[in-house]
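*Asks:* Chain A is already provided as a structure; the job is to place chain B on it using the hints.
Chains as they are written, first to last, in the numbering used here: chain A, 1 to 116; chain B, 1 to 115.
Since the hints were derived computationally from the structure, they do not count as laboratory data.
Just to be clear, a hint being listed does not mean it is correct.
Listed next, the in silico DSS-like pairs over lysine-lysine satisfying Cα-Cα at most 27 Å (straight line) [to be verified]:
| hint | chain 1 | residue 1 | chain 2 | residue 2 |
| --- | --- | --- | --- | --- |
| 1 | A | Lys49 | B | Lys24 |
| 2 | A | Lys103 | A | Lys58 |
| 3 | B | Lys78 | B | Lys24 |
| 4 | A | Lys103 | A | Lys22 |
| 5 | A | Lys22 | A | Lys77 |
| 6 | B | Lys78 | B | Lys68 |
| 7 | A | Lys49 | A | Lys69 |
| 8 | B | Lys78 | A | Lys103 |
| 9 | A | Lys69 | A | Lys58 |
| 10 | A | Lys103 | B | Lys24 |
| 11 | A | Lys49 | A | Lys103 |
| 12 | B | Lys68 | A | Lys103 |
Since this is a predicted model, take the numbers as computed values, not measurements.
In case you want the letters, here they are:
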Amino acid sequence: AQSVAQPEDQVNVAEGNPLTVKCTYSVSGNPYLFWYVQYPNRGLQFLLKYITGDNLVKGSYGFEAEFNKSQTSFHLKKPSALVSDSALYFCAVRAPTTDSWGKLQFGAGTQVVVTP
Amino acid sequence: DAGVIQSPRHEVTEMGQEVTLRCKPISGHDYLFWYRQTMMRGLELLIYFNNNVPIDDSGMPEDRFSAKMPNASFSTLKIQPSEPRDSAVYFCASSPTSIPSNEQFFGPGTRLTVL
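Here chain B stands alone, though its shape is the one from the complex:
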């Protein structure tokens, strides 16, 4: 299994531009999570999906952030317009419901720099 796949691995953009981060979860996993990691705030849960449906988006910082999961094998996190304070590492993780312990499998992350 290839694990959780994220693209791009690195993204550098200018303030005001639209940024789209992509995630392919592990096949068969029903849950998908988006996290943001910064030195100041640590690891924050932004949103998570169950069977492609958003369950909890209370961690999404503001309307500039949106996430979609059009099918079981693909999700996007979009920032429009981007701001320098959005600079962070964004992780996608997936988890199977067959494991009640809810172990999560993380992707390698996308390092976003907004200039």
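Chain A on its own, in the form it takes in the complex:
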């Protein structure tokens, strides 16, 4: 079985400061990992993904994430947060087997609040 944990319900950060949203996972084999963002009253939007290769993945809107296999983590980061980054962020994992080809397991979400 695959699972994702986002240990923080909410992260508060001042504009211009670095932002980190934590994610750990559990899956058999090498995982496919994703980050999505949800703005109020909108659907989820894809930010970035890790499939293989370089552990540092760059995505949309200046976000990046670092895959750490030994710690089974995939933390989302942004060097300098903007007020417009305030949103709900979801980490997701998929096991690379044909049985679960379509199925993503989402975390509970972390609310990011960036204050001016």
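*Replies:* For chain B alone, coordinates are given in the frame of chain A:
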């Protein structure tokens, strides 16, 4: 591309009524997913289809829920009869098999309120 289209965007109904939610996936996408989002339970996968065939419906809460995909460009999620605890935002998402990373594209959601 218009993205994933869902209708209606908002639905308010009374307990016991039938509710039908609609989804048009992105053209060419082979996978279609229905999710439900609530404050208490977060984002839950209800069912997903591959090439119009249901693959996994283990997330469908009970027999009151049913989903169909009669063709590659249309899917419905039906609740009959509806109950207040069905109140949630329902998302449809689609994904192309040509991308092994399985990135999913979400629609804007339908906010369902059952009184």
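*Asks:* Are the hints correct? Go through all of them and say.
*Replies:* Tested hints:
| no. | hint | verdict |
| --- | --- | --- |
| 1 | Lys49/A to Lys24/B | holds, 25 Å |
| 2 | Lys103/A to Lys58/A | holds, 23 Å |
| 3 | Lys78/B to Lys24/B | holds, 15 Å |
| 4 | Lys103/A to Lys22/A | holds, 22 Å |
| 5 | Lys22/A to Lys77/A | holds, 9 Å |
| 6 | Lys78/B to Lys68/B | holds, 8 Å |
| 7 | Lys49/A to Lys69/A | holds, 15 Å |
| 8 | Lys78/B to Lys103/A | holds, 21 Å |
| 9 | Lys69/A to Lys58/A | holds, 17 Å |
| 10 | Lys103/A to Lys24/B | holds, 19 Å |
| 11 | Lys49/A to Lys103/A | holds, 15 Å |
| 12 | Lys68/B to Lys103/A | holds, 18 Å |
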